[in-house]
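A.B. asks: Sequence:
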Amino acid sequence: MDQIHEFEHSVDCSVPRGFAWSYWTNVTNWTLDADIESVEIDGSFSPGILGITHSKRSGQIEWQIT
Numbered sequence: 256m257d258q259i260h261e262f263e264h265s266v267d268c269s270v271p272r273g274f275a276w277s278y279w280t281n282v283t284n285w286t287l288d289a290d291i292e293s294v295e296i297d298g299s300f301s302p303g304i305l306g307i308t309h310s311k312r313s314g315q316i317e318w319q320i321t
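Mapping the sequence shown onto the working numbering, position 52 (from 1) lands on 307, and the numbers just tick up by one.
In case anyone wonders, no lab produced these hints; they're calculated from the structure. Everything numeric in this text was worked out from a predicted model, so none of it was measured. Certain hints may be false.
As the list claims (entries may be wrong) - Between beta-carbon pairs, the in silico distance windows are:
| id | residue 1 | residue 2 | range |
| --- | --- | --- | --- |
| 1 | 269 | 315 | 14 to 24 Å |
| 2 | 273 | 312 | 29 to 39 Å |
| 3 | 302 | 272 | 13 to 23 Å |
| 4 | 314 | 269 | 31 to 41 Å |
| 5 | 314 | 271 | 33 to 43 Å |
| 6 | 305 | 264 | 11 to 21 Å |
| 7 | 286 | 320 | 13 to 23 Å |
| 8 | 271 | 312 | 31 to 41 Å |
| 9 | 305 | 269 | 12 to 22 Å |
| 10 | 272 | 314 | 12 to 22 Å |
| 11 | 307 | 269 | 18 to 28 Å |
| 12 | 303 | 269 | 28 to 38 Å |
| 13 | 276 | 318 | 17 to 27 Å |
All C-beta atoms in this analysis are idealised placements derived from N, C-alpha and C, irrespective of residue type, glycine included.
Use the sequences and the hints to build the structure in full.
C.D. replies: Dropping the structure here:
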């Protein structure tokens, strides 16, 4: 991971906080984005864990949860 990018996103929705967290920390749900082919994560969704997103547009993107 040579380049460091910081990404932050928020939305308002009328669902329980626990549901939203459970949904977005299940990386298989990320493939609902048409650009995402697959997502790999090396463990549970927690700080320090590494992941790889395979994007149609951007190719392979390696990332780490901070």
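A.B. asks: All hints are to be evaluated individually against the structure, with a verdict given for each.
C.D. replies: Okay, the hints, checked on the actual structure:
1. 269 with 315: 14 to 24 Å: violated (35 Å)
2. 273 with 312: 29 to 39 Å: holds (32 Å)
3. 302 with 272: 13 to 23 Å: holds (19 Å)
4. 314 with 269: 31 to 41 Å: Holds - the Cβ-Cβ distance for residue 314 and residue 269, about 36 Å, lies within 31 to 41 Å.
5. 314 with 271: 33 to 43 Å: holds (36 Å)
6. 305 with 264: 11 to 21 Å: holds (20 Å)
7. 286 with 320: 13 to 23 Å: Since the Cβ atoms of residue 286 and residue 320 sit about 18 Å apart, the hinted range of 13 to 23 Å holds.
8. 271 with 312: 31 to 41 Å: holds (33 Å)
9. 305 with 269: 12 to 22 Å: 33 Å Cβ-Cβ, so the 12 to 22 Å window is violated.
10. 272 with 314: 12 to 22 Å: violated (33 Å)
11. 307 with 269: 18 to 28 Å: Since the Cβ atoms of residue 307 and residue 269 sit about 33 Å apart, the hinted range of 18 to 28 Å is violated.
12. 303 with 269: 28 to 38 Å: holds (32 Å)
13. 276 with 318: 17 to 27 Å: Roughly 18 Å apart at Cβ, these two residues keep to the hinted range, so it holds.
The structure fails to meet hints 1, 9, 10 and 11 from the earlier list, while all remaining hints are met.
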